[in-house]
Amino acid sequence: MEEDMAESTTVMMASANEDTITGVEATLPSNASDATITTGPPTTSPTRVPLYKIYALPTPIRTFPLPTFYPSNPISLIHLVIVWLRQVVSPPQPEPSTIHVGVWDPNTRSVHVKDPGSISALWEQGFYGKGSLSRSEPNWMKREIGRRESTQGNTVSEERTEARREERRQAKWERAKTELEAIERQISEEALTQVEPAGDIVSASDAVLPPSGNSPAVAELESPLAEPEATEEVAFESQPPVQQAPEEAIPVMPIKEAVTAQLPVDHPIEVLADFSVKPSVQLVIQPKPPVGPAELLALPNSVTDLIRRPQAHEEPVPQIVEAALFCRPIVHKAPVGPAELLALPNSQADLVATSPQSHEEETHEEETLIQAKAVPICRPVESKSPIGPAELLALPNCLVELMSGSLLVKGEPKDFEAVPSQFQEAAHTLPTAKQPTAATNGHAGSKLVNGHAQPNGLVNGYATGASACVHREVEDNDASISETKPPVTNGACNGITSSILSDPASGAPETRPIQGEGPQLLKRRQSVLGEEAQPLKRRKSVRFSPRVVSTTFQHFDPPSPSRSTVSPPKASSPASSNGSATTISPPSPMTPPEPVTSLEPVTSPEPETTPDSVSESGPETYAVLKELSNKEHFQLAPEEAFFLSFSVGALSVMDPVTLAPIPTEDLLTLFRAHSYFPPRTVDSSVESLQPHDPFLVNYAVYHHFRSLGWVPRHGMKFGVDFILYQRGPVFDHSEFGVMVMPSFSDAQWTEHEHQAPRKSWSWLMGVNRVLAHVLKGLVLVYVDIPPPPVFDDAMKQGGIAVALKLYNIREVMVRRFSANRNR
Amino acid sequence: MSLDDDDMPTTAPIASASADQEDAPTGDEVLEEEIQDFRLFRKDKNISAQTIRKGEKDFESHGTRAQENALEQSRQAMKEVLSYTRVHQTRNLVRGWYFPDWWAEWPEKEDESAAGGNATQGTQEKDKRPFAHMRDRVVILEGSSVSSTYLGRAVTSQPKETLARGKDWLLPEEALYLVERGSLDLWWPTRGLEEIFPPWKPDVKDSEAHPESEPAATSEAEVVGHAVESNTVNEADEYDQGIPLSVQAAYSLLIGNDGERGKVSLQKFQVYSNLKRAGYNILRAPPLTKQCTPQTPSVTLWQWLSSLLPSGSEPQPRPYGPLIQPGLYRSYVPIYRQMVIIPRHKPSAAPSSPWLPEDPFSVHFHIWKAAPKWSKLRHPPPDFYLAVVDAQETGVPTFQEITALVDATPPAPGKPEWTGPGRMYARLKHGHRNALVAVVDHGIINYMRFAEGAFGEELLFERFDSRNAPRSGKGGGRALSSSVIDTGTLDKFSKQPSELCVSGRKVEPKDNNTLDDDP
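One line per chain: the protein sequences are A and B, in this order.
The letter at position 745 of the first sequence is residue 745 when you use the UniProt record's numbering, and the numbering goes up by one with no holes.
The letter at position 98 of the second sequence is residue 98 when you use the UniProt record's numbering, and the numbering goes up by one with no holes.
These are calculated hints, taken from the structure and not from any lab test.
Predicted model, so just to flag it, every value in this text is computed and none were measured.
Just so you know, even glycine gets a beta-carbon here, dropped at the ideal spot from N, CA and C.
Honestly, I wouldn't trust all of these hints.
[To be verified] Selected chain B positions facing chain A (Cβ under 8 Å, derived; list incomplete):
id, residue
1, 161
2, 323
3, 335
4, 461
Please construct the entire structure, taking both the sequences and the accompanying hints into account.
This is the structure we're talking about:
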């Protein structure tokens with residue numbers, strides 16, 4: 001209702017201005033001509049309105065200056081007379097003509113303005129509020145439209161800022177890149193100059209430096225820095241980084257092995273010369289078990305290092321690997337040595353991060369080969385539940401990591417039903433970690449790869465949260481399959497989840513291979529993965545614990561409401577919750593394993609519900625976008641609202657309940673009361689309103705600067721109370737940051753020893769530093785506050801207009817003085 | 001390193017190298033707060049610091065040999081610079097004796113009269129000597145050195161038979177600073193002053209007791225040479241008169257609490273030596289004189305009359321607004337004038353605060369930039385007024401403290417060329433009076449400059465009426481020229497000939513009949 005009123009007045013004023021303008025020359029300072037623009041949102045006409053016209057009014061009051069009289073131009077006199085006569089005959093409406101309407105909101109302690117015209121007008125006149133949906137200019141609507149409908153032509157300032165930032169980021173990136181390249185060039189040049197004289201030195205350094213395990217990984221990392229030949233070579237070495245490991249281990253592939261074995265022999269000097277530049281980087285050729293302290297220190301710190309080293313596989317190729325290949329039971333030793341402990345993976349991320357490469361770089365031959373080899377492996381390997389410290393460490397540290405893996409499954413749930421037979425095959429033939437990848441149809445498999453390849457993406461809440469339930473279901477399927485082996489569709493899921501879940505578990509025992517058995521790691525994991533069904537089955541025991549159900553579920557409650565409505569009932573089903581519980585329980589000593597009830601088969605409605613739940617969240621409802629309502633609202637700070645209302649009279653503040661306008665006197669009391677928290681009540685108690693109410697002190701400062709023509713704005717962003725603009729953020733940067741310092745110097749205050757809390761010097765230095773960083777000067781504004789009796793007298797005598805005269809304001813400019821600069 | 005950015009490790013070698021002329025401006029504004037390239041030092045010992053440029057800063061080792069070499073060279077250069085052999089020239093070395101109670105009974109009043117009472121204003125006349133602080137002077141110098149131009153003080157106009165007449169006496173911070181620099185050999189006397197400095201006899205060492213008031217003005221080399229000679233002669237019985245003191249002993253003797261006679265607080269000494277090493281000239285500020293209560297600025301008859309005029313006609317603002325009367329306005333000036341209810345501070349020549357500065361927020365040191373003709377007796381008004389506070393014991397000054405401190409300094413308006421709207425920020429930031437506060441936090445000194453701001457002097461709203469006109473540069477708009485007759489006077493709403501006053505005010509900032517109608 002009020003909005004309509006405001007609109008109508010605006011329109012009327014606009015028409016009135018039309019009349020005024022007609023005779024006036026465009027070159028004259030015609031403020032009136034700007035009224036049409038300022039009252040409405042800035043129109044995006046083809047000819048751009050200059051900023052000084054949009055932001056013409058320093059206050060919500062327009063002026064009607066008479067045209068200038070030029071003595072040399074007699075027509076200007078006529079012009080002047082005409083304008084003057086017109087204004088006499090039909091005077092424009094008395095200013096302030098537009099009275100904006102706002103609603104007091106006690107919760108945010110601000111006055112909400114919702115009318116778009118008022119919002120833009122207030123913004124353009126220097127009232128910025130405490131925040132709105134927009135970052136700077138209130139253009140939420142514009143942005144939304146631009147965002148949702150047309151990607152073209154949305155020239156919102158935020159977009160431009162974003163584009164500029166992107167540009168700058170790009171430039172920085174380019175700069176860093178060129179710098180890096182320069183360094184690389186430098187290194188390679190230096191290496192070149194070093195190579196010729198350094199033939200002997202290299203070998204010597206080689207002898208001196210203990211052979212440590214991390215070299216290939218480092219070589220790979222350093223490869224861009226190395227000189228061209230060396231780069232090629234190293235790259236070649238590390239080219240089949242992870243996946244080749246098992247391959248090389250297998251004696252079936254003699255050629256590649258030969259190649260890798262040859263490499264260091266062929267170009268030893270170049271490679272070593274490269275590394276002799278930096279003694280920290282060493283290349284290992286013969287993986288002897290590290291015994292000395294130097295060697296131990298040089299050992300890789302994580303499995304990542306291990307996996308990346310292709311060379312370490314050459315010699316070990318030991319019987320153990322073959323044993324794995326030939327289905328002999330593998331006994332996992334608990335890692336005891338310090339090196340082994342150091343080499344333990346620190347998190348699942350290490351392990352997961354390594355796997356994508358393996359999956360991606362795999363060639364088809366390898367896959368088939370490994371499949372063929374791997375199939376027989378699966379059964380006989382016995383995997384023990386983790387007992388040793390290494391294994392415990394290697395267990396996943398949080399469920400999120402595990403969950404993240406299962407996201408992959410969620411993506412194509414329907415396919416499980418769609419292609420059951422294929423998955424059945426997959427379930428049978430490919431139980432190891434590789435199998436999903438190798439699955440020829442492999443929706444699930446490719447998903448898995450993707451999911452692994454982007455571990456970062458898994459962090460986002462939606463993904464993890466949303467995947468939680470799916471994950472559990474899948475796991476249940478997996479359990480059921482491992483026990484009963486009936487449903488076809490579960491096979492694929494089984495493979496995937498088991499691979500994910502067993503990664504950490506299997507990774508632990510394999511950390512042993514630091515002593516040259518590196519290649520075995522991957523192989524071992526792969527081989528174990530298939531078998532993980534068994535241990536998982538055993539760990540399913542927690543299934544019926546309701547406590548675990550509730551706690552685990554809450555963490556993964558999906559943020560999107562559509563999902564949350566679906567998933568809770570699912571989570572409450574004991575079977576689904578168990579899946580995740582089992583994965584958690586081993587690492588955390590808090591949840592003791594409960595009695596084994598694994599024999600109970602999981603009912604398999606789960607897989608059917610899974611696609612439903614997933615598909616529900618999938619499509620965005622585009623219908624909502626169509627009916628776009630302007631959600632922009634402007635939160636005027638109390639100081640601004642009171643200035644508009646008390647000083648200018650251009651704002652009427654409504655009560656939130658009754659929607660009746662609040663008189664200014666009550667508004668003052670309201671604002672004063674709400675400057676405390678909890679808001680004080682107006683009574684005569686000690687805790688009643690005082691002359692040093694934060695609102696009053698701040699308002700005094702605000703009014704002081706505003707009445708001088710400055711544009712104060714709340715300066716929370718810069719750690720100050722206000723920042724002062726000369727015209728506004730559109731035109732200039734603010735030059736000053738204002739800190740309000742209440743002070744009680746009156747004798748009556750000192751009698752009662754009422755003092756403002758003393759700020760420390762470090763506080764001042766901090767504020768000053770921050771402001772100096774944004775090129776602003778600090779102004780301490782001391783507000784000397786009148787004692788209560790004087791203030792009350794003044795309030796009785798002449799209201800707040802008289803009482804404010806008692807506030808004494810002194811600005812103190814603060815700057816850091818540098819003794820070195822001022823000599 | 002970046003914290004104590006003012007303590008450049010290289011400043012000391014430079015200072016000692018150029019000890020001959022302490023006032024020589026080292027002029028390294030260039031290397032403000034950053035590490036300079038030490039390698040440039042090595043090329044030339046006498047290199048001016050101005051030519052040393054900073055290199056790019058590497059934040060991590062990127063493994064190139066070039067980087068390592070540069071680092072190594074720089075280290076080597078720094079080592080060389082730091083291992084520079086410092087030479088204490090004999091003409092700079094003097095011996096001082098610690099006599100803490102010699103001037104204890106000295107009547108300060110007489111001192112004051114000798115010093116000239118208006119030293120606080122920093123505008124003492126040529127004849128007047130600055131306040132001497134004789135009661136606090138505890139170290140007597142044998143002979144004089146170059147630094148006598150800057151340090152120490154002798155009591156003049158004493159009878160000829162006075163003991164140690166005309167000798168320079170040092171304040172504790174001065175003595176300690178010289179001891180730390182290695183220019184002063186401080187001794188603890190085991191005999192009385194009359195034995196160490198025997199009464200004046202016409203035949204004995206006439207040259208040591210200079211009849212002139214300024215010992216430094218005499219030929220120093222001769223004096224020092226004489227002193228050295230006498231030292232070698234008296235080598236045997238030297239230790240009969242006293243024992244030399246270590247730096248540690250000097251610290252324990254001269255460092256004390258605030259307010260102790262003959263001692264200086266550690267914070268003040270740190271500030272003193274920091275500024276001294278940075279090349280400033282420092283003197284202790286004279287004690288506070290009882291200032292008369294700030295008188296209200298005299299009002300001329302015209303001002304008084306004009307003040308009567310609007311007060312009668314101006315309506316009282318409505319208690320709860322709106323302050324701006326609804327109506328038709330031709331310009332923004334009357335609109336903004338109606339908003340004025342909070343009194344604005346108007347800087348004036350006379351100090352306006354009713355409070356007197358109290359320690360620690362009072363001026364402790366007067367500071368001059370290095371200048372070739374500066375001497376401890378003849379110098380211009382100080383460039384800076386400095387208070388020293390402890391960061392732990394004090395906080396940000398209160399209203400009374402800061403106004404009293406700032407008002408204790410003379411008015412220091414900005415440069416005269418800072419006129420017009422273009423230099424408004426410069427005017428505002430400079431303020432009208434200013435004082436430095438050295439915040440000492442356990443030896444780390446941070447100087448803050450507090451200036452009396454006067455936003456009330458800059459009435460931004462006066463520009464609002466003209467700012468909406470298109471710029472003269474853009475769009476072919478016409479700038480308002482001086483030939484334009486302001487039609488605002490025709491307006492019934494513009495009550496005063498305000499625009500004319502405004503233009504007059506800009507020319508003369510001190511003029512008071514501006515638009516402000518402060519109640």
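Which earlier hints can't be squared with this structure? 1
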